[in-house]
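**Student:** Single-letter residue listing:
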Amino acid sequence: AQSVAQPEDQVNVAEGNPLTVKCTYSVSGNPYLFWYVQYPNRGLQFLLKYITGDNLVKGSYGFEAEFNKSQTSFHLKKPSALVSDSALYFCAVIKGSKGGKLIFGQGTELSVKP
Amino acid sequence: GAVVSQHPSWVICKSGTSVKIECRSLDFQATTMFWYRQFPKQSLMLMATSNEGSKATYEQGVEKDKFLINHASLTLSTLTVTSAHPEDSSFYICSARLRLGNYEQYFGPGTRLTVT
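Protein sequences, first through last, are from chains V and Y.
Take the first sequence: its letters are residues 1 to 114, numbered as in the working numbering.
Take the second sequence: its letters are residues 1 to 116, numbered as in the working numbering.
Hints are supplied without guarantee of correctness; some may be wrong.
Unchecked claim - Not everything, but these chain V residues come out facing chain Y in the computed CB check (under 7 Å):
no.	residue
1	Ser28
2	Tyr32
3	Arg42
4	Gly43
5	Leu47
6	Leu48
7	Lys58
8	Phe104
9	Gly107
These aren't lab readings, by the way, just hints derived from the structure by calculation.
We put the CB at the ideal spot given by N, CA and C, even for glycine.
Using the sequences and the accompanying hints, generate a full structural model.
**Tutor:** Spelled out as structure tokens, the structure:
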């Protein structure tokens, strides 16, 4: 069964430091992987996706993610965190065909302190 | 492009009443829309998949008679919570997909429902 795991409920980072939000996946076949960010009382905003091609994917707001097939991971990274990056982050995978449902991880709350 | 709106953004209703939430794709036609429910600081739980012109497909454990979904046009899907109870209080989020076989989903801003 397709699934996504985000092993950390919360990540704390000092402003200006690099950040990593972890995600591992379990799928059959080629994975379609996504990262979304959610600010309080708001819907989800798309950050980036991996479908095929380069393992390093660059997305919105300076975020990037690295697809690692051998480790079945898709960690989200940013070289220098901002206080405004504080939010809830979700990793997701498409279940089944590319037209299938999104399966979300449990979410990781990122807190960036000044 | 690919903007999805929801209305209302928040609603308070009394127990036993029904409330309707609208999800609109503003600048594209969506053959499929999805409805999610989210509890505070938790993940999104898919409730149902709505295809234009056909009945919605509900996830296991979601009461179809309680959560009525209508996808009457390519730009509008509605979720009606019937006979609402306090336990139905939640954040409801919709998303829209451009067409079958396309993996992109575009999310609405969500609707906060509080049942008193």
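**Student:** Now tell me if each hint is right for this structure.
**Tutor:** Cross-check of the supplied hints:
1. Given the 7 Å rule on beta carbons, the hint for Ser28(V) is violated: about 16 Å separates it from the nearest Cβ of chain Y.
2. Look at Tyr32(V): its Cβ gets to within about 5 Å of chain Y, closer than 7 Å, so that hint holds up.
3. Restraint check, Arg42(V) versus chain Y: the minimum CB separation of about 6 Å is within 7 Å; hint holds.
4. The interface hint given for Gly43(V) is met, as the beta carbon of that residue sits about 4 Å from the closest beta carbon of chain Y, less than 7 Å.
5. At about 12 Å, the closest approach between the beta carbon of Leu47(V) and any beta carbon in chain Y exceeds 7 Å, and the interface hint on this residue is violated.
6. Given hint, Leu48(V) at the interface with chain Y, is violated; its Cβ is 12 Å from that chain's nearest Cβ, farther than 7 Å.
7. Contact between Lys58(V) and chain Y, as hinted, is not supported at the beta carbon level, the nearest pair being about 17 Å apart and thus beyond 7 Å.
8. Nearest Cβ of chain Y to the Cβ of Phe104(V): about 5 Å, under the 7 Å cut. The hint holds.
9. Hint status for Gly107(V): holds, given a least beta-carbon distance of 5 Å to chain Y, under 7 Å.
Checked against the numbered hints given earlier, the structure breaks hints 1, 5, 6 and 7 and satisfies all the rest.
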